[in-house]
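Visitor: Please construct the entire structure, taking both the sequences and the accompanying hints into account.
2 protein chains.
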Amino acid sequence: MALRDVRALVFDVFGTVVDWRSSVIRELEAAGARYGVSADWGAFADAWRYEGYLGGIAKVNRGEWPFMTTDELHRRKLEELLPQYGLGGMPEAEREDLNRAWHRLDPWPDSVPGLWRLKQRYVISTLSNGNVALLVQMAKRAGLPWDCVLGADVLGAFKPKPEAYLAGARLLGFAPGQVMLVAAHKADLRAAQAAGLRAAFIPRPKEAGPNVQPDLEPDPSFDITARDFLELARLLEEQAA
Amino acid sequence: MALRDVRALVFDVFGTVVDWRSSVIRELEAAGARYGVSADWGAFADAWRYEGYLGGIAKVNRGEWPFMTTDELHRRKLEELLPQYGLGGMPEAEREDLNRAWHRLDPWPDSVPGLWRLKQRYVISTLSNGNVALLVQMAKRAGLPWDCVLGADVLGAFKPKPEAYLAGARLLGFAPGQVMLVAAHKADLRAAQAAGLRAAFIPRPKEAGPNVQPDLEPDPSFDITARDFLELARLLEEQAA
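Just so you know, the sequences run in chain order A and R.
Each residue of the first sequence is one higher than the one before, starting from 1 at the first, in our numbering.
Each residue of the second sequence is one higher than the one before, starting from 1 at the first, in our numbering.
In case anyone wonders, no lab produced these hints; they're calculated from the structure.
Careful, some of the hints might be misleading.
Note that identical chains are pooled: a pair holds if it fits in a single copy or bridges any two copies.
Straight-line alpha carbon distances no greater than 35 Å define the calculated DSBU-like cross-link-like pairs of lysine-lysine that follow [as the list claims (entries may be wrong)]:
1) K206 <-> K186
2) K206 <-> K77
3) K206 <-> K119
4) K140 <-> K119
5) K140 <-> K161
6) K186 <-> K140
7) K59 <-> K206
8) K59 <-> K77
9) K77 <-> K186
Guide: Below is the structure:
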């Protein structure tokens, strides 16, 4: 199938659509200030994301842990991190609210205008390891105009399992080759391609903190590489012309 | 929980948000015209809906048929109806397109402005026996601004099974009492209430054809009865004031 057969664009969310790190650091700083604690909140955010979330998904995908939602994976790691960072006395309601920092992530500057433009020609949906409730709250706050919200709890699997990508295409009513994953992460894109989807790479150089060196090199094995969602829209419009 | 605790409005779709009967009759008339066939297209639409769709769901819910999507239930009945109405020679691509008439249903006049207004205060989502692909295509064509699209294929059950309502609340991240079903059909609302949801009744006197007498009487056992979605928004805003 050619690129002009693509009918739906499905998006990785954390890092690709929203700037998780700055947003989470902002909420951790505010929590720290309430308790008179200062700490390396970037390191807290990185541990929450890389060990808690990505590490937890890897455990679920290896069968070591039962399936749980992203909200639950975040909460589990939060319990471990709070006492390490001098916030062990935080009461339950405040913990639950801080856990929802992941519902309040800011979009990259091009995300909202880019999605509106892409939505004119394509079905646009999340294809995220986040859970639906988290993704819906995030979209409402940030103004992300999704046609559909698909998360791991309705896909029935976490990416990079092939089932997650295939369930996305099936639920949207398209063949895998009619669906293109848009993501900032090469491993996600490669897994989507292995499942038969198309792949658009959007490097996000500001996603990672100083402790992670992201792989931002263009890779000709992807169908498209674009600087942001507006350039992606332009390139797709040229392909269709 | 009080009415002011409601955080999400979930909507029945066929009949409540969109006028399935006029829309389907319009497509059947066009198909008939292409083949020089005239027939009682209202009776075709009614059989498609009441025997094919609702009858099929009842069979799935009784365990007589395996789960299948609404697109599949519609297609199954279409195969039976086409030869009965002189359209047995229709080729496959045209059948498949006619089956997607259910993706192209027109909204009631208040649906789009009402949903935009309700969306300001609430998470608004479908809670439909339709499948996600059908609901997404319908929303894109009609301009229905859903925050989330939930259909039987992600809910894991057809209404009026309690699991369908409970899955909707769980996926949106709310307790059942924080979610209100908006529907034109009392049986749907009663099943939602039995599962712990709130219920708003919107009678739609123009939904049914001449062969069905809908029950449009107000019923005080529902939390709200409103003439349309704009009145529903007004009544909810008053409750919250």
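Visitor: Decide, hint by hint, whether the structure agrees.
Guide: Here is how each hint holds up against the structure:
1. K206 <-> K186: Within one copy only: 16 Å inside a chain, 52 Å across chains, cut-off 35 Å.
2. K206 <-> K77: within (24 Å within a copy, 53 Å between copies)
3. K206 <-> K119: both (25 Å within a copy, 32 Å between copies)
4. K140 <-> K119: both (16 Å within a copy, 9 Å between copies)
5. K140 <-> K161: both (28 Å within a copy, 29 Å between copies)
6. K186 <-> K140: Classified as both; 28 Å inside a copy, 30 Å across copies.
7. K59 <-> K206: within (27 Å within a copy, 53 Å between copies)
8. K59 <-> K77: within (13 Å within a copy, 45 Å between copies)
9. K77 <-> K186: Only inside one copy: K77 and K186 sit 25 Å apart there, 44 Å across copies, limit 35 Å.
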